[in-house]
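Visitor: Residue numbers (numbering that gives the first Met the number 0), protein chains in the order written: chain D, 0 to 317; chain C, 0 to 156; chain G, 0 to 498.
Be aware that a few hints might be false.
Said to hold, decoys possible - Here are some, though not all, of the chain G residues that point toward chain D, as calculated from beta-carbon distances under 8 angstroms:
hint	residue
1	196
2	199
3	266
4	292
5	335
For the record, the hints were derived by calculation from the structure and aren't laboratory data.
Note that beta-carbon positions come from the ideal geometry of N, C-alpha and C, so glycine has one too.
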Amino acid sequence: MKLSKSMAITLACTALLTPFWASAQPFPNKPLRLVTPYPPGGGTSLHASIITATAEAFFGQPMISVIRAGGGGVVGATEVMKSANDGYTMLFGDPTLNSLRPQVEALPFKIDDFVPVARINYSPSIFVAAANAPFSDLKGMVEYARANPDKLVYSSDNLNGLTYVAFEMLKKASGTRMKGIEFGGGGPAMTQLLGGNTMAYAGLPVVVADHISSGKVKAICVTDTVRWAALKNIPTCEEAGTRIIWHFWLGAMVPKGTPQDRIDMLSAGFEKMTKDPGFLALIGRINSKVDYLGSKEFARVIADEQKDLKVLYDSIKK
Amino acid sequence: MMTTQASLNRTNAAVGGVAVLLGLAVIAILPAQVAAPTLGAALDLRAAGFFPFLAGVLILCSGIACLLQLRAPLIDEDTDWQTGRPAIAACIAAAFVLVLPVTGTFAAMLPMMFCLSLLFRYPHKRIAVAVATLVPLGIYVLFERILLILFPHGALF
Amino acid sequence: MIENLIAGFAFILNPGSIAAALSGIVCGIVVGALPGLSATMAVAVLAPFTFFMAPEIGIPFLLGVFKAAIWGGSISAVTINTPGTAAAAAMVMDGHALARKGQARRALEISLYSSVIGDLFSTILLIAAATSLAAVAVRFGPPEFVMLYLLALVTIASVSGRHAPKAVFSTGLGFLIACIGLDPMSGAQRFTFGNTDLIGGIGLIPLLIGLFALSEVFTEVEKMRPRLEFLKVGQDEPRATLADMRRVAPAVARSSGIGFFIGILPGIGAEIACWLSYGFAKRQSKNPEEFGHGSIEGVAAAESGANAACPGDLVPMMVFGIPGDTVTAVLLGAFMAQGLIPGPQLFEKHATLVYGFFAVLLISNLMLLGIGYLFIRYLRGITMIAPGLLYPSVVALCFAGSFAVNSSYFDLGLTVIGGVAGYLMRKLSIPIAPLVIAMLVAPGLENALRQSLLLSDGSLAIFVTRPIAAGLLSVITAGVLLVIWKHFRSTQPPKETPA
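For reference, chain D alone in the conformation it holds in the complex (with noise of 0.2 angstroms):
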């Protein structure tokens, strides 16, 4: 029948150009997964482009960037979280959603769930605050903070993001009432404050920088240890005066089981990867650095972290 003969040589071309061979060869010996958990556009997604645009030559196989948003981050984290654990598939996660939320909200996975791989970078946040506002350091406005309770209005991102954490982080250690509102991200919560809407916000430097540049804001202090090296005149907080040490890292996780000679090879081409001239020049351009971290060193400073998160929201809890 003419029918089954143009069935039997359609199933020939898709037996052809699936590899069934490919299973016989060593890890890895098919394309690698890396799962951004948020929309395009963002400083995760546009950091996991540069490192799958730069991976193959480090891993031996290409690297595709997937885009899973949804939820926060945690539609795509869950979708890790649930493949197959054969190294094949990588979380991009940060510390909001790997160590924060799961210990304070309902989620559908738990810390545990992953394991890290490899630590590519991290970036402090800056504090900063609008033109007009009544303070133009710290310690003016911790002092303001603490003549108004409730008055002084921060741009937020989103319930337990990064400006969340930094400025509960702030209300923490200095004793203070701040009044947040959620804006959505670090676009909205800029432009409030430019508009003069808020008085202070929180964010990367890759999003504060150059409105610091061009005095369109004035920038409080960096949460760091060190200072940060593009911007050398803004103290860190513990310089002045209040300790507030938030690192907001990217790193590569797979989910809990994954066998652990495959790890260390994806955490050895990661580490490859992170010395190579051409990925660094192309971070460099996004003003952004690299700070690997092998899985174990990864796995340990992460454990800090979430401890100390846990002190910080049981506290504001009471």
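Start from chain D and add chains C and G according to the hints.
Guide: Frame of chain D, contents of chains C and G only:
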């Protein structure tokens, strides 16, 4: 002049009935589904429950308004319902979605497209099969090879 | 500024950049025209490829894709009644109605000319006044946004047809669907029923693809109309005339203004601008009853509004580095990957490059005119393809595009549900446009409302004490009163005349 008793406007009846039920359902499950402890808390404009409550109220009111117009004349509404073929088309689409994790996206596209061609009574079956092979192939090349967007792959392709 | 612009032209008029812009436009039109593929997805997916190109090649390519895709959506909207992009949804009604009258070419040409005019108008404003406009735009706080979203909602009245209760039902459904998911401000899960995929909410584009494209396939398979014969493709097919353009000129002018204004506000873009322009044009038109049944003013207004929003979108992005929506966020990333950090310093450090991009925007506008004209001439033949081949291909493309938006299997199910729902809504005369507008507006409206109340500590007075918000509120109130009055007058019994 002969006046005809206005017949039951079935469209309004159907829409009205569904809307009233849906509106009531939304408001009823609000406390459980939206973490607002009581309905009164939902009425706070700042609460997470306000907009769902508003939606439920809008749907409910629209349903009641439809039911009040049960005798309204039909204005350019479609009275010719031949849902047999669209239902089959919907089943083909649903079957495609259910089957593709098992067989793979592109392997499932071929029978889906061919069945739809048959449904549209397209006479030249060989051309239909050819198109049903080439279009998924083209989509594969464009999405997976060029744009690097991976589709679910199953047992076949 | 003029010297900068001339320097920009000199910089960008090289074969590489022109070729990049040209290929961007062609890709954009194709992507926009294919149902299931949207402008947002195209830019998001193509942007990483430009990281390794020189900025004067990569950025003109992306800009070309962006602009052309917004217009490209109208090709499939007119010919097969399925909008290729969300921004083309407003012109589906009139565009396809014109096609069914044998005037597909006229509709497509009017949409092309309107989009080019709207885009040109906006681009000139962008070049001339970007910085000052951006300064105005950031003054729009949450209370002002509440008013703007309410204004957009009011336009639902213009697209409700004659079934007011069903339009309200449709609006309510749109609100309900928009509420599903994780509420970012309070962290509450709304209507998720414990399902992980629902935590992410209901994706607009997959649902839209189902509501418009798949439902069209279901409707066609029911009616089994013969090979779209009424769409005559021939020498004597009516084309857009100068008289046509003169007639739509006021609508185009107004819509371009509205579109540009909506575009410069971060957070609102072409998808909402097209509806606002359409609704406003209908209200101001001398022939409002034509709208929805083949009004060229409707086509012109929707198209010019949507296209005028695109250069507007670039204003906050380039001046402040603030992305208004996904497309500008991706463009922002593409700029940054080239070492061009948008923001206050961009214009100082890279003036020639920036004005080169402005020059590219102007040039690609003209290129769009030429290429679009060719596409119209040769692509109308799509309608001659037998339904038995055309619609299965459309379905395959729709599913592919729907999955590609978020690599989500769940979205495929959404598309099927949207298709069934869209089909039923058409049979029951429930207008689909209110649902779409409500879904577009509800999230922004809810967030802006709650942010405003947080700013004002719960007081509603903030909407009247802030001047811009109060002004917008009065415009809305006047508009609503006008609508009610017109409705009341049209339902009054005619006056008795003495015998």
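Visitor: With reference to the structure, classify each hint as holding or not holding.
Guide: Hints, one by one, checked against the model:
Taken as an interface hint, residue 196 (chain G) checks out: its beta carbon lies about 7 angstroms from the nearest beta carbon of chain D, inside 8 angstroms. Here the hint on residue 199 (chain G) is kept, as its CB sits about 2 angstroms from the closest CB of chain D, short of 8 angstroms. Residue-level restraint check for residue 266 (chain G) holds (minimum Cβ-Cβ distance to chain D is 6 angstroms; threshold 8 angstroms). Taking 8 angstroms as the C-beta contact cut-off toward chain D, the hint placing residue 292 (chain G) at the interface is violated, the least distance being around 38 angstroms.
Of the supplied interface hints, the one on residue 335 (chain G) holds, with its beta-carbon coming within about 5 angstroms of a beta-carbon of chain D, less than 8 angstroms.
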